[in-house]
Amino acid sequence: MSTPEPKTNGAPKIGVYVCHCGVNIAAKVHIAEVIEFAQTLPFVTVAQEYKFMCSDPGQELIQKDLREGRINRVVVASCSPLMHEMTFRRATAEGGQNPFFFQMANIREHVSWVTADGHQATEKAKALIAAAVRRVAFHKPLEKKRVPVHPHVLVVGAGIAGIEAALKIADAGKKVYLVEREPTIGGHMAQFDKCFPTLDCAACILTPKMTQVCVHPNIELMTYSEVESVEPYDLRNFKVKIRRKARFVNEDTCTGCALCADVCPVSVLSEFDEGLGMRKAIYRPFPQAVPNIFTISRRGTPPCQAACSIHQNAQGYITLIAQGKFKEALDVILRDNPLPSICGRICTHPCTVNCTRADVDEPLSIPGLKRFITDLFPNYKLPQPAVERPEKIAIVGSGPAGLMCAYELRQRGFHPVIFEAQPVAGGMLSVGIPAFRLPRDVIKAEIDRLKEIGIEIKTNTPVGTAVTIEQLRKQYAAVFIGIGAHVERKLKVPGEALPNVWGGIEFLRKVNLEGPFKLGKKVLVIGGGNSALDAARTALRCGAEEVTIVYRRTRAEMPADPKEVEAAEEEGAKMLFLTAPKAILGNKETGVTALECLKMKLGAPDASGRPAPEPIPNSEFVLSCDAIIATIGQVPDLASLGGKLGIEMTKWGTFKADELTLETNMPGVFAGGDCVTGPDVVVNAMYAGKKAAISIDRYLNKVDMRAGREHEGPYRTEYAIDTSGTTVQRQIPMPAIELARRRTFDEVHTGYTQELAIAEAKRCLDCGICCDCRLCATICEAKAINYEMKDEIEEIVVGSIILATGFKPFDARRIPRYGYGKYPNVYTALEAERMTNSAGPTSGEIRLRDGSKPKAVGIIHCVGSRDRNYNSYCSRVCCLYSLKLAHLIKERTHAEVYNFYIDMRVPGKAYEEFYDRMLEEGIHFIRGRVAEVTDHAMTPDEEGKLVIRAEDTLIGVIRRIPVDMVVLAVGLEPQADADEVRRKFYISCGSGGFFLERHPKLAPVQTFADGIFIAGACQGPKDIQDTIAQAGATAAEALVLIDRGFVELEPNTAFIQEELCSGCKTCIPLCPFNAISFNAEKSVAVMNEALCKGCGTCVATCPSGAAQQHLFTDEQIYEEIEGVLSYV
Amino acid sequence: MSEKSLDLTPQSPSLKGRGSSPPSLGEGAGERSREPRIVAFFCTWCTYTAADLAGMSRMTYAPNARIVRFMCSGRVDPQFVLKAFQEGADGVLIGGCHPGDCHYQAGNYNALRRYTLLKRLLTEMGIEPERLRLEWISASEGDRVQRVMNEMAEKIRQLGPLHLEPAPRHVPAKQLEAVAVGQQGGAR
Amino acid sequence: MKYLYYPGCSLKGTNRAYEESVLAAFQALAIEVEELEDWNCCGATAYMAVDEMKSFALAARNLALAERQSRADGPTLMAPCSGCYLVLSKTQHYLEEYSEVSRTIDGALQAARLSYSRKVHVRHPLDILINEVGVQTIAQKVRQPLAGLKVACYYGCQIVRPYAAFDDQVNPTTMDRLIRALGAETVDWPLKTRCCGGSLMGTLQEVGVPLSYILVKEAQKRGADVVATACPLCQFNLECYQDKMSQQFKERLQLPVAYFTQLLGLALGVPERRLGLHRLLIPLPYAAKGRGGAHVHA
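Chains as they are written, first to last, in the working numbering: chain B, 1 to 1128; chain X, 1 to 188; chain E, 1 to 298.
Here chain B stands alone, though its shape is the one from the complex:
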């Protein structure tokens, strides 16, 4: 677009009009002198003064001179252009000239009001007038652009301000979006009991409005939602993105019947009751909440569940146990674990590692609690599959991997058949783990349950000999191999073949399958893992008199569970650390007689991260013994079937399977568990079985086996939980049989009793808040609960925005000397409000923490207000709400009430009268700032009381007033995120941090951003009355825009003079509104004036002067600069 041909109005004839503004200007600036000066300026044909240029006669002066041709351009020297530029442009237009042949000199705000010396003021005024004259000579006629205003309005914040504004606009028949971040509307007012000065019930006047909002056809209410971003939609309207936070309850179907809250086992402090009461994890802030819809507080997956390989929902059943809901707890357990009674005993419980409780004292005994439930219901059943499918699937090995895989497949309707080489099912569970840790009947029961739901198990059926893998692949839709790792690693020292040298598993298998047998008096166990301890403790139970565990590192490096180590020592096992076997001594006849050992020392860390043991030269020594058990790990039994399978192997002698899907090189054949990973813990084997089952399911349904499986398996959750103030309460140890009986194979631990289990469960800190027990879903008739719900972003277009985001109360903890948070009976005013509220936590009773009625109450005014250390401003409402609270407290408790004030500030209709009434009611008023609240008693009558020390400035003494309860009249502060919010909406904050109005008097609800208005306490502390008034004003502002339908924009857009443009493109990336594009064939920049907002950055950048800005062309500015400098 090129320069418009400049229309001109002939040679400049400039009229200068100097305004007295009453005395505002005239008292400081020597008007006569200025006039005289103005006459000497170029093109000035008229220079006049007048008392009030903005008045009609003042404007008439201009119009007359214009009409009668004495002038054709106008300069008015008066107030700020932000105040009256429009007025005088209009005057110029009415005088018959283009309104932009006008320029203003600000000689009030920038001169007379800020300059001490009259002479200097006069000189400054002259300079500014000269500048205006020089500039206006270069002004060009311009046309204002009209832009339509979108008729929809966004109101942010649904406290009383937002509600009022929304209703007004909606009643005018316009569409309103009302966005509130909390689950309910109502804001702070909903928390109040009575309102000053009329003492009418807040709920009675608020709730009707709230319901109106809910049912109003023109209001689209979005609660539990926040404004994500505000972008320009066009030159004047806004595109707003709103985040609808997931409440996990369907807003359309929830009936608000509250049954869910009744069954919800999780209780947390109620925000609405200021922490004085409790609410459930699924909640509605208060009964009259609008909308009457419930919301679930969920922080995400708790650390315990995330850390568990099979994501057992621990918080779920723990919370239910704490509530005594044992049957429900069982259901939660069985949701993701078919072998709970086994896991409850021998799982290495990685869940406890990240338990938040550990930050306070010790993690919960999660397995102990799981076991408690399974013991309580010995005959529980596994869920029957919901679907049936024809396919049969072969599973090789009946260890935890195989069993879990079978269960998961069965639940998906398949028919798994398990092939087990051993005479008993269970794999390592049955042969490798001794009965005193995992009783056989427990294993049997679990396996029987699996059989009951239709899982077939063929024992004594080694694959490779009895059946071949080929047969399996023919007869079955898919194959899973979970044969575990049963073949011992060798010590690789001489004498290993001697009689009475056992492998750990070999030994345990024999005992487990054939029962205990005599080993000898002195037994050495080599190794430091759990199986070493199992072997040692089993050896003791086989009648060995002395059992010593020989380990090449130290206790710190032992991979075994420390609790198991303790148990072994209790039972009499000895430990010999930093010792490694060198040779086994003995002969065929005697069998093993001794072990030759080497002393070791710890060296640099090895692959496992543990320090590698190094032999100390010539440190050999000999330990005599009758038997040796070597427990140094195992590998899969490949001898039997590995070779025949034709499945790819790793160099560690394990099967090679895809990490994510567990599929082997043979299609349809999957492998997992110890036979892939090498010896590992039970829960990981189960995880492998589950993973394989998912893969097999996908394989048979011909869907992608890899997609979306990131969150299978353990991970770490990252959210900080504040554990401060949690009372220390260590883990409750699980009862066990007395040592004497630990020579039998009776189970050592007897499990929690109900009392112990409940006590232990109560230690849970509810990390996830909602514990995902899903009781609410079971009870909800409307089926409104949806745990899968996600946040959604909604996009709307509006023409005006009203911000009514309110305030936050001052945090009384910031003034330690008032003892809030230290002395339990020091309350904030808002807490007191909740107490006085008949629907509140104390149903309207004013009581101390111990439940008793206070006999004396002190109310401290100006907490955080009128104090340079905190907020220097006055919060305006505190005096009156303090009077109100004083009245309510006195009325309900007949206590003596003392108000400690600096000044009583009760301006406003009927406020002073209210104050008088309180005086008559006999409430005490002490003028003086309170020094401190202390529990330090100096006289008997102060004992056990809170003493308020303050100076009584009226009688000039220091007073000590003993009271039972202190109420802190905390001031009002901007919302914590006020700064973030105002940036989103392109507005500014005042010094206190509250949103800044366009003009303190003339535009109290407008902002510097066109079409964005502010109402209520977000603009500054104010009471309900003023808030309502302001809300009305913003509504009016919005309606004005909508009814006019358009706004006229300042024609200060930029334009490009093609003939000067060199096509360097410098301006293009600088434009924040993408208004500039590039015309390749002409090789020039092209300005889209419809998008330009007129900042002028491109103009300042243009190296060739091709870019210019209407109203701010280079020469206009050069003239202005010369003007201010060249004359005075």
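No lab work stands behind these hints: they were computed from the structure.
One or more hints might be untrue.
[What the hints assert, rightly or not] Computed list of lysine-lysine pairs in DSSO-like fashion (alpha-carbon distance at most 27 Å, straight line):
| no. | chain 1 | residue 1 | chain 2 | residue 2 |
| --- | --- | --- | --- | --- |
| 1 | B | Lys451 | B | Lys381 |
| 2 | B | Lys327 | B | Lys762 |
| 3 | B | Lys822 | E | Lys250 |
| 4 | B | Lys209 | B | Lys245 |
| 5 | B | Lys209 | B | Lys13 |
| 6 | B | Lys174 | B | Lys145 |
| 7 | B | Lys518 | B | Lys492 |
| 8 | B | Lys855 | E | Lys221 |
| 9 | E | Lys150 | B | Lys945 |
| 10 | E | Lys217 | B | Lys822 |
| 11 | B | Lys174 | B | Lys241 |
| 12 | B | Lys444 | B | Lys521 |
| 13 | B | Lys582 | B | Lys599 |
| 14 | B | Lys945 | B | Lys855 |
| 15 | E | Lys150 | B | Lys822 |
| 16 | B | Lys1065 | X | Lys119 |
| 17 | B | Lys474 | B | Lys492 |
| 18 | B | Lys474 | B | Lys381 |
| 19 | E | Lys217 | B | Lys945 |
| 20 | B | Lys563 | B | Lys510 |
| 21 | B | Lys808 | B | Lys241 |
| 22 | E | Lys221 | B | Lys945 |
| 23 | B | Lys522 | B | Lys490 |
| 24 | B | Lys444 | B | Lys458 |
| 25 | B | Lys458 | B | Lys518 |
| 26 | B | Lys808 | B | Lys599 |
| 27 | E | Lys250 | B | Lys945 |
[Claimed, not checked] Computed far set for chain E versus chain B, every beta-carbon distance over 12 Å:
| no. | residue |
| --- | --- |
| 28 | Glu35 |
| 29 | Pro145 |
| 30 | Val207 |
| 31 | Pro210 |
| 32 | Ile214 |
| 33 | Leu281 |
All C-beta atoms in this analysis are idealised placements derived from N, C-alpha and C, irrespective of residue type, glycine included.
Got chain B sorted already, so can you dock chains X and E onto it with the hints?
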């Protein structure tokens, strides 16, 4: 910038209407005694409004700065600053919105970049860089306007008046009229 | 890091125990401390009231000496006596804030052929122990945990007011944290920084005695075995007048008042004599009963 605007040098006496200016603020050239002259380029949204607020709050401050209003500090062309010095200013003050507050998103950042470069340039031209100052002042910071104005005046008083070689004199009178009368489209 | 140490008059006289215990405890923590050479009166006491400028000059001389003696740039001058600590800090503050003070003092120093470039950091031992050494480190070095000892930490007015350089003015916690790190219990009481009577004890005893009585009584009432102080004058007022208090208020008061550094030393295993514990008028029950960390009560 366009050649012509650069040539707009001090006006011929014919045009230099002199008000009854007292000796204290006499001729730009040569007078040690004269009050510092400061030109302030303020953005209309933050700093200019803050100056208005200072006025409304009757905060008196040094009268030396004359304010030129812009829509955005991003419009302040470095040549405006040079022009001001050329025309006899002893100091230049640029005022914009705080970072992140720009009404046009990024104008003030551009201002900042140009300012830093310009300071180097000034040093090379033999002008003390302290004569140029950039300030972020939000619409609510009237007190800050007062402080900055006083500091700036004080600073410049310390530095004393700025003397530049008088630029070659053209005859802009005709031009000026011509331009104003609009004989040459848009003064070009 | 080596710290310069300004003893001041009382640590060399009436309150020798404070100096002994500070030095012994710091040695036990292997922190080097070097006494300021040729130091003079800190400028506290009457000076401040009579002629501020004189007391600034006195303090400034010590600061100048510190700068000269230390090779470090910005040396730390440790002042255990809270009177000295306050005057030195105040002088530092005034030299920075008020040009006329700063001019006069520089003149005075010049006359003494001294100069001071405002680089010295005046710090209290508590500050150094908590913020430089750290409670963890101290806890690790504890040899005789003060298990069972209940301590009322009393900070006095001067180390937190008006310059709360390292702790809260109303509810300071540094000493409590330190004492807890030694294995002792601290009693929670609201009088941590309340007036001990100060020099009124010497001038207007009828005012002074009640003030310190309030403190001793409250500490005893809340079950403290000992009051720990960080100020010679506080220690003196609280300990020496207990008989007077007892007869004046008709109740038996018998509460040991020790320096926090004495307790620190004890826990670090420093012999009692080197901590000046024998100088206490009311013996520390803990010390009296010997070590062993058994429960003790006065």
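Evaluation of the provided hints:
For a cut-off of 27 Å, the pair hint linking Lys451/B to Lys381/B stands: about 11 Å separates their Cα positions. The straight-line distance between the Cα atoms of Lys327/B and Lys762/B is roughly 17 Å, inside the 27 Å bound, and the hint therefore holds. A threshold of 27 Å between alpha carbons decides the hint, and for Lys822/B with Lys250/E the separation of about 32 Å lies outside it, so the pair is violated. Under the criterion of a C-alpha separation no larger than 27 Å, the hint pairing Lys209/B with Lys245/B is consistent with the structure, at around 24 Å.
Proposed proximity of Lys209/B and Lys13/B is contradicted: the alpha carbons are some 60 Å apart, above 27 Å. Restraint check for Lys174/B and Lys145/B: the C-alpha separation of about 25 Å stays at or below 27 Å, so the hint holds. In summary, the hint linking Lys518/B to Lys492/B is supported, as the alpha carbons are separated by about 26 Å, within the 27 Å threshold. Between Lys855/B and Lys221/E the CA atoms are separated by roughly 25 Å; this keeps the pair inside 27 Å, and the hint holds.
Straight-line distance between C-alpha atoms of Lys150/E and Lys945/B comes to about 24 Å, which keeps the hinted pair within the 27 Å bound. A C-alpha spacing of about 22 Å is found between Lys217/E and Lys822/B, which places the hinted pair at or below 27 Å, so the restraint holds. With a C-alpha separation of about 20 Å, the suggested pair Lys174/B and Lys241/B falls inside the 27 Å cut-off, and the hint holds. Distance check on the hinted pair: Lys444/B and Lys521/B sit about 33 Å apart at the alpha-carbon level, beyond 27 Å; violated.
As the CA atoms of Lys582/B and Lys599/B are separated by approximately 10 Å, the hinted pair is consistent with the 27 Å bound. This hinted pair checks out: Lys945/B and Lys855/B have alpha carbons roughly 10 Å apart, not beyond 27 Å. Among the hinted pairs, Lys150/E with Lys822/B is consistent with the structure: their alpha-carbon atoms are about 20 Å apart, no more than 27 Å. With a C-alpha separation of about 25 Å, the suggested pairing of Lys1065/B with Lys119/X holds against the 27 Å cut-off.
About 41 Å separates the Cα atoms of Lys474/B and Lys492/B, which puts this hinted pair outside 27 Å; it is violated. The hinted pair formed by Lys474/B and Lys381/B fails the criterion: a straight-line CA distance of about 33 Å is larger than 27 Å. A threshold of 27 Å between alpha carbons decides the hint, and for Lys217/E with Lys945/B the separation of about 17 Å falls inside it, so the pair holds. A C-alpha spacing of about 26 Å is found between Lys563/B and Lys510/B, which places the hinted pair at or below 27 Å, so the restraint holds.
The straight-line distance between the Cα atoms of Lys808/B and Lys241/B is roughly 25 Å, inside the 27 Å bound, and the hint therefore holds. Between the alpha carbons of Lys221/E and Lys945/B the distance comes to roughly 15 Å, so the proposed pair stays at or under 27 Å and holds. Between Lys522/B and Lys490/B, the direct Cα distance comes to roughly 21 Å. Compliance with the 27 Å bound is thereby established for this hinted pair. For the given pair, Lys444/B sits about 14 Å from Lys458/B by alpha-carbon distance, which is consistent with the 27 Å threshold.
For the given pair, Lys458/B sits about 32 Å from Lys518/B by alpha-carbon distance, which is inconsistent with the 27 Å threshold. Using a Cα cut-off of 27 Å, the hinted pair Lys808/B and Lys599/B is violated, with the two alpha carbons roughly 68 Å apart. The suggested pairing of Lys250/E with Lys945/B holds, with an alpha-carbon distance near 24 Å, which does not exceed 27 Å. The beta carbon of Glu35/E is kept farther than 12 Å from every beta carbon of chain B, the shortest such distance being approximately 37 Å.
With a least CB separation of 19 Å from chain B, Pro145/E remains clear of the 12 Å interface cut-off, as annotated. For Val207/E, the condition that its CB be more than 12 Å from all CB atoms of chain B holds, with the nearest at approximately 14 Å. For Pro210/E, the requirement that its beta carbon stay farther than 12 Å from each beta carbon of chain B is not met, with the minimum near 10 Å. Not every Cβ of chain B is farther than 12 Å from the Cβ of Ile214/E; the closest lies at roughly 7 Å, contradicting the non-interface assignment.
Distance to chain B confirms Leu281/E as a non-interface residue, since its nearest Cβ pair spans about 25 Å, more than 12 Å.
Violated hints, in rising order: 3, 5, 12, 17, 18, 25, 26, 31, 32; the structure is consistent with all others.
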